[in-house]
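Construct the entire structure; sequences and hints are all you get.
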Amino acid sequence: MTARDGQAAVELEGVGKAFGGRRVLAGVSLTVPPGGRLGIIGPAAGGKSVLLKLIAGLQRPDAGAIRVLGHDLVAAREPELAALRKRIGMLFQNYALFDFLSVADNVAFPLLHAGVAADEIDARVAARLRAVGLAGSESKMPAELSGGMKKRVGIARATVARAELVLYDEPTAGLDPVTTSKIYDLLRADQAETGSTAVVVSSDVAAVAAFADTIAMLHDGRIRWVGAAAGLFDADDLVVRSFARGEERDGAAVLSRSVEAARPAPGAWP
Amino acid sequence: MIFRRSLTQLGGRVMAMARDVGGVFVLTMEVLRALIPPRLDGRETVRNLYKMGNRSVPIVVLTALFVGGLMVIQFAAFVKQFGARALVGWGTGYAVFREVGPILIGLMFSGRVGANNTAELATMTVTEQVDGLQALAIDPIRYLVVPRVVAMMIMLVALTVIGDAVALIGTMIMSYVVLDIHPYTVWYSLVDNLGPSDFLHGISKSLVFGAAIALSSCYFGLTVRGGAVGVGRAVNAAVVGAAVSICFLDFLMTYLTA
Ligand SMILES: Nc1ncnc2c1ncn2[C@@H]1O[C@H](COP(=O)(O)OP(=O)(O)O)[C@@H](O)[C@H]1O
Ligand SMILES: [Mg+2]
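Taken in order, these protein sequences are the chains called A and B.
When we follow numbering that gives the first Met the number 0, the leftmost residue of the first sequence carries the number 0, and every step to the right adds one.
When we follow numbering that gives the first Met the number 0, the leftmost residue of the second sequence carries the number 0, and every step to the right adds one.
Source of the hints: derived by calculation from the structure; they are not laboratory data.
Every residue, glycine too, gets a C-beta built ideally from N, C-alpha and C.
Treat the hints loosely; a few may be bogus.
Facing chain A, a subset of chain B residues (Cβ under 10 Å, in silico) [unchecked claim]:
no.: 1; residue: 53
no.: 2; residue: 56
no.: 3; residue: 131
no.: 4; residue: 136
Okay, structure coming up:
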């Protein structure tokens, strides 16, 4: 069920997106092969989350082309998008857990609406919650969970339907290093099992570079650098290298720009 | 200068209002389309009905009791002066069933249930839960809006029936206390002079108000802007929008059926 050989799982070409006249993405081009693991890094408020939502078909680009799992997202109408979304899993940066449903019901939700049989749902939800280390929290409500726990519920929900493409927005933000490496082990294991394609946005550069096979750096609305994850820390591009290493001396330019970008436009979302 | 600025401001407000009216209209069309063929998320509808009923029945009962009694007090001087004792049931019933009941309960329902619904949907929107639904290939209109519209229409009608009955009890109690009129007299005055059409006139208003409250509250909830601060603004706009719609629709329906 993965995309046909030779056809990219995700393909972006010159994608642009603006909010109220403020340009967030200005010509992003990217390709992720089936079964690939792409890590996206970049300064805060640089449009990483927007990029993931565009790939998930939750927002439409102002310019450019997006192909996901063989579908043209720009031309697709709502029914086609809905069918495509069933093949995509997504972890939102702010978890997006349904706060009126328990942990178990949140994880079961995608299966319930895909018409999976009840006993299979129970089994798969239990297995998923065990995998993310949340066995025993089934009946808790999202409001009772810590940030890290919500994140793991979100991961369980994003992967429970065995999507062909999984998009993770900051899967380890705010988690300790041990939990972080556990989460990435989990993503790796999932991928090995299902052969899915993964796109991970993360501010934890070292951890995502260890997980991904390819890293792309989003900077000033474009892909500034893309290459093998192993080469990130020795990239020729000074801006990329210093951002990856978190060096302040060379990274001054990056830092000041990211602070600029982080300042929300009047009326913009936080 | 000031004149021009306030004119610009006025223009901006009119534009914003036109956008909201248009938005509610589009949402209405989407809800109607989602109902053809009639598919309804039963679980969500029942969950909403339960929550809304729980929240609003006590307050409606309390208010209706007082309103029913209050009508008698207003009526008392007139009754004493003209000895129109046989008219108390008819007079209060006519006013409550056709006008006071639907509009008062509608406004209260909007403040209680509609506002809560707006806050809930607005919070879901700013915390990306609506995006989350969409990412799971679930249509937010079908899953969130339609069950709420249906539940609010049913619940407001039910509350109006309850409110009418309780107001009648309030009338009987106060008639007895203030005017020494026996409850039977009130009852026969009511059933002899009022027909089902008076009752149904009020019920049909409630049905329409329920839809207006639901659509206004869902629209402002789903179109919230600006994070947590925006949630408060959305609730405010929804309640005002619902109140204006109720008064306008009441006028329209009364005028058209008069
Ligand atoms: N729905 C939206 N409406 C308006 N502005 C938005 C919206 N989504 C994102 N933005 C703006 O786009 C910019 C990039 O946001 P985001 O993609 O969340 O950045 P990050 O790289 O930190 O994930 C931010 O300045 C944000 O305010
Ligand atoms: Mg983000």
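Taking the earlier hints as the rules, which of them does this structure contradict? Per hint list: 1, 2 violated.
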